[in-house]
Amino acid sequence: MRSKNVVYLILILGLLSVYNLIFAQDAPEVSEKGKEVYEESCAHCHGTEGRGDGSAAENLLPQPRDFTRGLYKIRSTESGQLPTDQDLFDIITEGMPGSSMPGWETSLKADERWEVVAYIKTFYDGFKESETPPRQISLEGKIPYSEESIEIGKGLYTQFACFECHGQVGRGDGTSAPTLQDEWGFQSWPANLAQGWNFRGGNDIDDIYKRFIGGIAGSAMPMFEDPAFGLTIEQSIRYNELDNKVEMTEAEEEEYNQLDEKMGNAFEILDLMAEGSADEEQKQSYATAMKAFYEKSWHLANYVKSLSSEKRPEPAIGKNVLRSQYTEDDLPQIMDAAWDTLDSSYFPLVGQIIIEPRQFNPTIDSVNAKSFYNDTEVAFLFTWDDRTNNTEVKENEDTGKTFEDAIAIQFPVKIPKSPTAEKPYFLWGGRKAVYLWEWKASAADKITELTAKGINNAEEQEIQGDLQVEGKYTDGQYNLWIKRALKTDDKKDLQLEPGVFVPIAFSAWDGANGDVGTKRVISSWYSFVLEPVPSSRRFIYPPLVALLSFGLLVGLREFVRQRNT
Amino acid sequence: MKRISLFTICFAIFIACWVFLRFVVGGVISVPIPSSVISMYMGLVLIAILVHVSVEDTRFREFLRPIHETLVGENRRVRRIVLAVLIPLLMLGYTYSNLAQKANPPGDPRDAHPSPPLELTYKDEVIGSMQDVENPYRHYEKDDPEKFKSHVENGRRVYYQNCFYCHGDHLDGKGHFADALNPLPANFQDPGIIPNFQESFFFWRISKGGPGLPASGTPWNSAMPIWEDHLTKEEIWDVILFLSDYTGYPYRTFGEGH
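If you're matching them up, the sequences are chains A and B in order. So the first sequence is numbered by the numbering used here: it starts at 1053 and just counts up by one. So the second sequence is numbered by the numbering used here: it starts at 9 and just counts up by one.
Hints in this document: simulated from the structure, not taken from any laboratory. If you're wondering where the values come from, they're calculated on a predicted model, not measured in any experiment. For glycine and all other residues, C-beta sits at the position ideal for the given N, C-alpha and C. Take these hints with a grain of salt, some might be off.
According to the in silico footprint, chain B covers these stretches of chain A (three or more CB under 8 Å from chain B) [stated by the list, open to error]:
| id | segment |
| --- | --- |
| 1 | 1288 to 1302 |
| 2 | 1339 to 1346 |
| 3 | 1466 to 1477 |
| 4 | 1601 to 1611 |
Computed footprint of chain A on chain B; a stretch qualifies when at least three of its residues, placed anywhere within it, have a C-beta under 8 Å from a C-beta of chain A [as the list claims (entries may be wrong)]:
| id | segment |
| --- | --- |
| 5 | 69 to 80 |
| 6 | 91 to 99 |
| 7 | 104 to 110 |
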C-alpha cells in the first residue's frame, strides 16, 4: 500500500513539474501561428528577419524596432534589462503614440498578440539565455502630484541638465538636440515635453518615472545619472544654490565642501557595489542614496507631467475655426498680454506626401492661431513648436544640410460663394488661385504676399507692404504676429468682412528636418472668420416673442370662452 | 383612483419618443443623431398622435378636455398662471439662445460616390471602358495561385510604402497622417467601400487622385495624390488585389448576364 502511495506521489510531482515547465513563462511557446501573424501584420515594417528593415521602414522615423539586438525603449524593467513579456504585449496592444506604430487591440485577438510576443523574442538569443526574470522597476515611494513637488522637480530638471537636450521649458529644443542619434545612427529627436500625447510609452506619471529609471534603450536618452548622487533633495538644492554663488562665506564654503565630499563617497560606494565588494555599512549607505535618487525621479516625473496637457487638442476635422475677436481698441502687439485672453485654435499639420520631393517624417506637429480685429485692421498670432531656429541654408558636419524655417498662411483669392462652390486645391491652389503670406526665419520682419496656382507655381505679388509682421523664436517655439487692413487697394489681396467664413490653410517648414520647397508639413482647408459683434437684436426679439406667445395664450383662452358661451 | 387622461398619455408618449431617439438610439445604441433628423421624426410622431386622437369625435373631445379645462376651468387657476408665465419664458430663452449662437462655417457637402469618367486611363493611355476593364492579374487567383500571391505581396509592399500613412496599418483610414485631412482617408474595412465598387473604379481613384474628381463632386479637398505620377500600372492593380485580400471583401462584379 505504502509503495503505491509513493508512486502516486511521484507521479503527481512529476506532472506538476511538467506543468510548471509548460506554464512557467507568460507567453505560450513559439508556434507557427506567431510567425504567421507576424508576417501578415508586422513584417512590412519590422522585416521578416526582425531587423527593422521591412519595405516601409525607409520612410519612417522613428524607425521600426530592430528586434535582433534586444534593445527595447519602453520597458517596466531596470536599466540594461530585457523587457517583460507583458511590456511587449502592452506595446503591441496600445501602439506607440507619436510614431507610426498603431495599437493592435482591435485588429489582433489577445492570443494572437501573445503569439507575436513569443515570436519576436526568437529574434534575439538573449531572451533564451537569460535565466532570471528581468528586474522590474519598483513604483514604491511614489510622491503625489502637487505644486511643491513640481517646483522641486523644476529645480532638478536644471540640476540633471535635462535642458541640454529637452530645452529650457521642455520643447525638445536643447542645444544638443539636432546632433542626437540612436544606436543605429538614425536621427533621434528629444521628446517635446509640452506634447505629452506623443510620449511613446504613455504620459502617466508612472510611465514617465519608468523611462527615467529604466532609460530608453537604444535612444539618446540615458539611464539617469544623478549628478548629486548621495545627497538628499534638500542637500541637492542647497548644493546647487551654493554652486551658483559668485562668492561664498567661510561657513558656506565649508558646507559646500562637506556636501561635495559626501557625493564623492557615494560615487565611490557606487563603484564598490558594481564590483560587488561593498561591506554591510556601505550597502546601507548605498540604499539610502538610491532612495533619495528615486525620490528625485518622482519629483522630476511630476514636473515633466506638468508641462503638457493630457491629450492632444481634438482635431475636429473641418470644424476647427479661427474666430477673430472684435475689439474697439488698438490691436495688441506680439508680446501683449491681451493675447492670453483668447483661446487658441489648433490646426494639426502632417507631412506633404503628394508631390515629390515629399516629407514622410514631419517634425512640426501643429500650429496654434489667435486673432483680433477692429473696425479697420486685423491682427494674427501664429504659434508653433520647432526644436531648432534655422535662419539660413547650412552645410553642417553633424546634422547634414539644413534649410530655413518658414511658414505660409493660405487663403483663396476669391471666397467661395456657397458651401458647394469649389475651393482652390488645398495644396497651394490649382485651377483656382490662392493668396499666401509667406514668412521666413531669415527675415523675421518681412512677409511676402504670393499668389499661387499650384505648389510649384507661386508668384510674388507686385504690390507688397500691405502687411506688418514680427517673428520671434524663444525656447523651441515660434511666435509670428501679422497685422493687415481689413480692406486693401490691391485687387489680388483677399478682402475681409465680418461674418464671412474664409477658408484658411497652412504650410510650414522645419529647416533642420530637411524641409524646403514641396518638402514641408501641410494642413487641409479650415475656416477663419471675423466673429461679428453680437447683434443687439438678441435683446429685442426674445422679449417680443415672449410677449407674442403670452398674447396667443390669452387669445386662445378668450376664443374658447366665446365658443363655450 | 383618477383615470389618466388621454392628453397626458399622448404627452408622455411624445416625450418618451424624444428621449428614446436622443439618448437611447443616439447614445446607447449608436452615435448622436443630428437634431434636424430628430425634429423630423418628432414631427412624424406628432402627426401620428394627432391622427390617432382625431379619428373619432368622442376621442378627440376627450383629448381636448384637459386643454379646455386648463384654459377656462374655474378650478385650474394656478395651473393656468404657471403655464402663462412658463411658456413665454421658454420662448424667450429659446429665441435668445438661437440669436446669440455663434455662426458655424458652411459644411463640406461632397459626393461620397463620385461618378467616374466613361473611359479608364493611365496617364494618357486608354485602358478601356470603365465598366468592362478588369484587373489583369485577377484571373491568377484561379489559374496560378502562386503567381497571384506574388502580386498580392507586391501590392502589400506598395501599400506600406505609399498608402498606410493615411489609410492606416489596419486599412481602416486611421493612419498617422489622417488627423489633418478633410475629408478623412477612405476606410477599406468599412463594408460599404470595397464591395460597392469595381476594381476599375479603384484604379481610377488611385491613379487620378483628388485632382481627378469630377466637378460635380465639389472636389479639390481630397488629399489623395495622383498616384500614376508615382506608381506603375502593375503596382496599382497589385495594391487593388492587396486591399481585398487583406480585408476579405470582394470587389463588385457584374455577372455573366451583364
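Checking C-beta pairs, does the segment 1288 to 1302 of chain A have three or more residues closer than 8 Å to chain B?
violated (count 0)
For the segment 69 to 80 of chain B, count the residues whose Cβ lies under 8 Å from any Cβ of chain A; is that count three or more?
Holds: 3 residues of the segment 69 to 80 of chain B have a Cβ under 8 Å from chain A.
Count residues of the segment 1339 to 1346 of chain A with a Cβ under 8 Å from any Cβ of chain B, then say if the count reaches three.
violated (count 0)
Does the segment 1601 to 1611 of chain A contain three or more residues whose Cβ lies closer than 8 Å to a Cβ of chain B?
It holds: at least three residues are needed, and the segment 1601 to 1611 of chain A offers 6 whose Cβ sits within less than 8 Å of chain B.
If you count the residues of the segment 1466 to 1477 of chain A with a beta-carbon closer than 8 Å to a beta-carbon of chain B, do you get 3 or more?
holds (count 8)
At least three residues with a C-beta closer than 8 Å to a C-beta of chain A: is that true for the segment 91 to 99 of chain B?
holds (count 6)
Per the coverage rule (Cβ-Cβ under 8 Å, at least three residues), is the segment 104 to 110 of chain B covered by chain A?
The restraint on the segment 104 to 110 of chain B holds, since 4 of its residues have a Cβ under 8 Å from chain A and three suffice.
When each numbered hint is compared with the structure, violations occur for hints 1 and 2.
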